[in-house]
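Protein chains in written order, with the working numbering: chain A, 4 to 241; chain B, 2 to 499.
It should be emphasised that the hints constitute simulated quantities derived from the structure, not laboratory data. Take the hints with a grain of salt, since some may be wrong.
[Claimed, not checked] Keeping only pairs whose Cα atoms sit at most 25 Å apart, straight-line, the calculated SDA-like set for lysine to any residue is:
id, chain 1, residue 1, chain 2, residue 2
1, B, K290, A, L235
2, B, K124, A, A173
3, A, K28, B, E410
4, B, K124, A, K72
5, B, K59, A, V30
6, B, K109, A, A204
7, A, K72, A, L131
8, B, K124, A, V30
9, B, K109, A, L31
10, B, K120, A, A86
11, A, K72, B, E410
12, B, K120, A, L13
13, B, K124, A, A200
[To be verified] FRET-style restraints, in silico, Cβ to Cβ:
id, chain 1, residue 1, chain 2, residue 2, range
14, A, P36, B, I385, 26 to 32 Å
15, A, G69, B, E246, 33 to 39 Å
16, A, E105, B, E62, 51 to 57 Å
17, A, E133, B, H8, 20 to 26 Å
18, B, E217, A, P36, 53 to 59 Å
19, A, A48, B, G231, 48 to 54 Å
20, A, I29, B, L125, 37 to 43 Å
21, B, K476, A, A86, 37 to 43 Å
Every residue gets a Cβ at the ideal spot worked out from N, C-alpha and C, and that includes glycine.
One letter stands for each residue in the lines below.
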Amino acid sequence: MLLSALFACLFYAAAAVLAAGLAVKIVLYARTPAPLKIPTTPAPATRSGVLWRMLREVVLFESLFGANKWIWLFGWVFHAALALVLVRHLRYFTQPVWGLVEIAQPFGIYAGFAMLAGVAGLWARRFLVERIRYISTYSDHFMLALLVAIGASGLAMKYVARTDIVALKAFMLGLMVFDWQPLPADPALLVHLALVAALMAVFPASKLLHAPGVFFSPGRNQADDSRERRHLAPSARG
Amino acid sequence: MAAPEVHAPALKEYPVIPILAAGSMAASKPYVASEKINEALGFPGKLVDDWHGRAIAKMGELLGESRALRVYLDSCVHCGACTDKCHYFLGTGDPKNMPVARQDLVRKVYRRHFTLAGKLFPKLVGAEDLTQDVLEDWYKYFNQCSECRRCSVYCPYGIDTAEITMAAKEIMDTIGMGQKYTNEIIGKVHKIGNNLGLPGPALKNTLETMEEEVKEETGLDVRFPVDEPGAEVLVVVPSADFFAEPHVYSLIGYAKVFHAAGIRWTLSSHASEAGNFGLFIGNYEQMRKIALRVREAAQELGVRRIVVGECGHAWRVAYSFWNTLIGPFDWLDARHPVPQHICELTWDLIQRGAISFEREKNDHRIVTFHDSCNVARGSGMGGIPRGQFILPRGIIRAACNHFHDMAPETIHEHTFCCGGGGGLLSDELLELRVKGALPRMEALKQVVDAHGVNFMATICAICKAQFSKVLPYYKFDMEMIGGVHQLVGDAIRLGRND
Ligand code: SF4
Ligand code: SF4
């Protein structure tokens with residue numbers, strides 16, 4: 004029971020840091036004025052055009068595709084797989100499990116491998132490509148290590164040392180309503196959960212801020228209408 | 002003192018991403034502005050004693066004022082997609098010229114002073130204090146960025162290194178580390194009205210001479226009016242158009258267009274400069290002050306339209322920023338775009354059949370077009386998507402029989418900077434300028450070899466000056482470079498309205 008309490012607290016803390024940290028950043032981004040119009044070509048002329056551009060950026064990584072096919076391949080595979088894996092994980096948080104989540108189950112398993120493959124590709128580039136080796140910092144490696152460890156410990160539970168997922172689900176469902184249930188004391192599971200909590204906690208203080216950042220990037224989210232519409236940032240100078 | 006000889010890198014058949022040559026451009030930096038120059042702009046004359054404190058304070062201020070800066074400093078994931086996109090990196094191999102590495106010069110200081118992770122674990126997240134050495138690096142490498150925004154096209158988050166360069170320059174200006182070339186020029190605009198410091202009477206003289214020359218050539222009274230009340234159109238051109246070559250030929254081209262179309266136009270001695278170096282140093286107030294001269298001139302002359310000549314960054318400022326800086330423009334004729342680019346005006350006249358060409362007159366030319374970065378990535382034309390690429394090419398095709406585009410990955414929004422933009426067009430940076438031109442020179446060589454191209458048209462005064470200087474280093478004729486309106490001027494049918 005001590006273990007359950009420990010992990011319950013860990014998750015509450017991590018979730019709180021993630022939510023509060025992200026909220027602070029997002030409010031800051033939203034409140035900071037964009038004094039001038041700086042969209043990058045090819046910029047759409049209308050708001051709906053901007054939404055469409057954003058969608059392509061976020062779903063397809065359009066700019067990255069034009070920049071470097073390898074980074075795009077690894078990066079896109081990683082993110083798409085991660086999305087599937089996350090959807091699959093919803094089954095631990097929902098009762099009854101949503102239909103869409105059910106459908107995603109079989110794919111989610113393969114996605115776990117794809118996710119690792121993507122991360123491995125990205126990590127390899129940090130060693131093999133001189134230019135990327137030059138710009139890599141310890142935290143870049145740390146982040147990739149974290150993702151590899153999370154993915155590997157997750158897959159280990161499926162293929163090496165199966166964990167009691169019924170008990171796990173009870174723990175998770177309980178967590179959400181502050182009704183603590185016992186957590187199975189499997190090493191793989193504990194490592195997995197602890198690392199996920201760590202990832203959540205560092206999110207708002209790390210480069211993972213690219214997730215909210217992409218939506219606030221003036222180069223991508225502004226419309227090319229400076230002659231038609233006078234742009235005045237409410238709190239900007241001048 | 003003889004300048005050290007600059008050697009151009011060899012042109013390769015296929016562009017190759019260079020091997021890193023750390024520190025290879027560590028000796029390249031522009032002259033620091035004198036006290037007089039800095040103080041004229043309200044900046045401290047020389048490096049202030051408490052520069053560190055003031056620099057960090059300024060950074061905090063800028064973070065509060067620019068969403069771009071804040072988001073861009075937070076969002077980079079070090080993916081490396083931008084690392085091979087900068088012409089200065091491609092030409093020099095210096096890793097600090099990779100866009101992300103350039104950004105990191107500021108980012109590491111931002112992390113150290115403005116993020117929790119950087120305060121607690123500086124080593125881990127690559128945070129660093131703003132030391133004397135880092136400041137030196139700033140001065141060197143932010144003066145090796147032409148703010149061309151090519152990197153921002155490829156970044157998955159649209160991170161625009163130009164915004165970070167501008168912020169760094171703004172910080173350096175506030176601690177007394179202004180750059181001589183840009184700051185001296187801005188001072189001249191405030192005092193005299195243009196970058197070259199050409200006073201009103203000299204301007205009038207020059208234009209009179211030009212009128213005489215064109216009269217000799219054509220036998221017609223093509224006019225070059227200055228400060229003429231009652232004109233319909235105020236034309237604001239880069240001051241190089243008044244006497245530098247090949248720039249003047251474009252000015253002659255504009256004059257012939259107005260002549261042929263019968264539009265009354267005028268230049269202004271008060272706003273005798275389209276360029277706006279306030280952009281290059283990232284200073285909103287300077288940029289606004291320079292832009293205001295145009296508004297003042299237009300109102301005093303009572304014109305109905307404002308047209309901007311062939312100048313890349315001027316067009317970005319006019320197209321993207323004027324409405325914010327000096328608008329609204331409800332006092333001008335709403336039937337025309339405000340401001341309007343000379344290419345939009347000429348294109349419109351061609352479409353309406355109001356002007357026409359004897360294209361054979363350009364038959365000795367096989368033409369290509371260099372998209373200037375600020376036009377390509379920071380503006381538009383014609384109110385249509387990609388108009389800034391379509392209109393100039395359309396005009397060239399209307400005026401010439403032979404046109405060939407360069408490789409697709411080197412034109413349109415992918416265009417390479419000429420190597421001299423962003424306030425780097427000074428002699429002490431020649432090595433950087435020559436090497437930075439490499440990607441463009443390689444693309445040019447391909448069309449020279451394949452199609453016999455002998456003329457590269459462009460619509461930017463800086464591009465023209467830069468290429469005139471660096472083309473010979475790559476064994477090209479310096480007269481290969483010229484303006485779109487040079488081609489227009491050479492082939493347009495005159496004879497009406499004189
Ligand atoms: S803006 Fe242009 S010059 Fe500056 S880093 Fe990016 S590509 Fe290089
Ligand atoms: S492409 Fe963007 S995110 Fe990737 S390294 Fe360059 S600036 Fe950073």
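- Of the hints given before, which are not true for this structure? Hints 2, 3, 4, 8, 10, 19, 20, 21 contradicted; others consistent.
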